[in-house]
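**Student:** The whole structure should be built from the sequences, with the hints applied where relevant.
2 protein chains.
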Amino acid sequence: MKKKSIKIAMVGLGTVGSGVWKILSQQRQLLEQRIGAPIEIKWVAVRSLRKKRNFALPKSCLITQTDLIFNDPEVQIVAELMGGVSEAKKIVLKALKKGKHVVTANKALIAECGSELFHAARQAKRDLCFEASVGGGIPVLRALREGLAGNHLHSIYGIINGTCNFILTEMLHKQMDFHQALKKAQELGFAEADPSFDIQGVDAAQKLAILIAMAYGVEIPANKIHTEGIEPISLLDMQNAQRFGYQIKLLAIAKSVRGQVQARVQPTMIAQDSMLAAVQGENNAVLFDGDFVGQTLLYGKGAGSEPTASAVVGDIVEIARNIQVGVSEAVAPLGVSVESLKAAKIQPIDLLKSEYYLRFQVIDRPGVLAKITQILSQYKISISSVYQHGHQSGEEVSVVVLTHEVLEKNLQQAINKINRLSFVRAATTIIRVEA
Amino acid sequence: MKKKSIKIAMVGLGTVGSGVWKILSQQRQLLEQRIGAPIEIKWVAVRSLRKKRNFALPKSCLITQTDLIFNDPEVQIVAELMGGVSEAKKIVLKALKKGKHVVTANKALIAECGSELFHAARQAKRDLCFEASVGGGIPVLRALREGLAGNHLHSIYGIINGTCNFILTEMLHKQMDFHQALKKAQELGFAEADPSFDIQGVDAAQKLAILIAMAYGVEIPANKIHTEGIEPISLLDMQNAQRFGYQIKLLAIAKSVRGQVQARVQPTMIAQDSMLAAVQGENNAVLFDGDFVGQTLLYGKGAGSEPTASAVVGDIVEIARNIQVGVSEAVAPLGVSVESLKAAKIQPIDLLKSEYYLRFQVIDRPGVLAKITQILSQYKISISSVYQHGHQSGEEVSVVVLTHEVLEKNLQQAINKINRLSFVRAATTIIRVEA
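From first to last, the protein sequence lines stand for chains A and B. Using the working numbering, the letters of the first sequence map in sequence onto residues 1 to 435. Using the working numbering, the letters of the second sequence map in sequence onto residues 1 to 435.
In short, the hints are calculated from the structure, not lab data. Any given hint might turn out to be false.
Note that identical chains are pooled: a pair holds if it fits in a single copy or bridges any two copies.
Stated by the list, open to error - Below, simulated DSSO-like cross-link-like pairs (lysine-lysine); rule was C-alpha separation at most 30 Å, straight line: (1) Lys97 to Lys52; (2) Lys125 to Lys94; (3) Lys4 to Lys183; (4) Lys4 to Lys125; (5) Lys89 to Lys174; (6) Lys59 to Lys255; (7) Lys255 to Lys380; (8) Lys184 to Lys255; (9) Lys22 to Lys255; (10) Lys22 to Lys342; (11) Lys125 to Lys42; (12) Lys342 to Lys4; (13) Lys22 to Lys345; (14) Lys42 to Lys4; (15) Lys97 to Lys125; (16) Lys342 to Lys3.
Treat the numbers as computed from the prediction; the structure is a model and nothing was measured.
**Tutor:** Have a look at this one:
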């Protein structure tokens, strides 16, 4: 007896959409074995029917009107793969309202409108899955929501922007400066023509907001996350980091600090021999520190058509398996009931305590180091190492200072004061060190 | 309104059991939030009521008779945490028969009796979860069964025995020989008094059997897996590996090769800058290579009371969430229906193609290298590098050869022949290289 197929509709057939199409058609047999019923793509909504595509697709399933999907009672799962926020939001809300389960790969959508969508899913008693929104193909959210469900998380460290990690890796390995490495990333397709969304840390902040929501069952707007990009990082800083046994990575960091959440995206120095430092090129990784499980890391491809599609298909399989046993909402989108969501209490960045790497660009003349260290000590900043690169009296040199743990507020005040000194030639570079 | 609690019974209160008790009692509130109902431990079956335990436990729940559990209709989940095979198997089968869902951390049980237990679960229409059996706290099996469900796996590489990885890491970092490192592992509690189960690779083979069963939907007896331990690895080999840009790890390897499964546990040389090489000490990691997701790695603590208990509790949460929505068997134990399980077609080890590291212990005299290379070429073994350590005519030296890809069968024949040469002083060390 042939089993009844589970019918899905896709909205969007770009990078991720074409990957999903490819997996669902090539792995038909494998998926049927794993779900217990075949998956059938009934509709694929696209902007234009005329666009040339480099893979075969039956014309009969291509449509431009999404209403056909919503009004088709056979469609059980809608995969939103169009990107953008406002149109995508309408599609997801309408699909839920019409009784469809929804899978999306859209991080901006979940980060900006998650709470509203989760409530809509709850009301419709339908599943809303978004594994692909963080870490591409890596099953990061599922691990957090399920495998680590017995843990309270002390911290999350994520390398969740492949563009930035590619650029930093290139800088280090090829001894390039930032702009050379960015250019290479653009040539290879790892960075957009306008890379600002990635290199300024905005993309990582959106993904961090999703991780925090799931880890702590709170709502946190991505724009409330303290975010710094990688543009200020120079090759000299990368080399200095190495000298002290560190590597610089753009980290998305969340910590649980006495009932508050510390949330920030910053270039960060981490130990050379740590697992995160081993994450090279465009790869992503997330390190969870749970109170019972300890440090657990997930690593893999954080972007690209096929890895991202793999995560979307993982979600489709989950929902399809649930459809097979006649159940929905076995696990809430964030792993806790949407009614219990609260606004996150975010720790003000001023209250951050960290070790710091400071690079001062100064004119090399007697008394310079004395003046700098005097101001640092005035703000209770204690020094663990000093390193001066080059010694040519009267010329510009860089003085590098590593501090013990200090309060961000004190540090900023001290640096402001130092930056105004006459012998300081450029704004001091500040990089946090996670020891 | 107070929600009805989900009642569980534990069998065993040793290392893992006490960890599970700790998590379930300390994370009561967190778990209730994540499940939607409180978890209550109703019974804990132990061997002796008199044993002293270093944590508080209400005496009323301690029992020695497991029948109390089976006959208690309130108990919905049984956690088998006693270890061993024959008794544990009876417990699991009886629990399933009595309509309980089962969670176990018992790798030997699943590896040896998995198929029988999965059939029993199917018949009873109950869930059987065993995340903790591979990789301790790392949600490896869940990732494979769910997140990566859209992929066919080209390969699996696992560092899944913490004892061996600890010993190899110590040898490399402290320049110890195997026996010194083993002694240290025993002192620190990372190795048993009788370490043979771990260092001979048997433990890793059992875990690999579980990974293969889940990845490929096949039955594979652990004792059919070609298994080599780490005892033959000398400090000299570790140093030589480093010289060529490699590190030696005990890897559990599965590959899909034209409809067959290649399955083996062996000390293996891997690239120094790979993610697996970054796995230090007693930590575990599994690297999946899926046809769409690409390389995906999960890393963390592979043993120990609390990490293992974290995985057990993850399984309990999964089952409890399903109980809340009134469903079981949403996902089959292996992710595919038990009826579709077939015996694995295992590739004979003779047909393995690999690059090799060979260390010959020979008397240094003219013509030795010529004779060795002549025999190698006779068996179509082509050499990529040669390195000779020390040159003292008439004394024993080691000659290291790295080969290009060759057939295992040819290699074994060549080495057998070489080992019989008069100037060869010890059996040649053979280590596979995964490039």
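**Student:** Hint by hint, work out which the structure violates, then give me just those numbers in ascending order.
**Tutor:** 1, 3, 5, 6, 8
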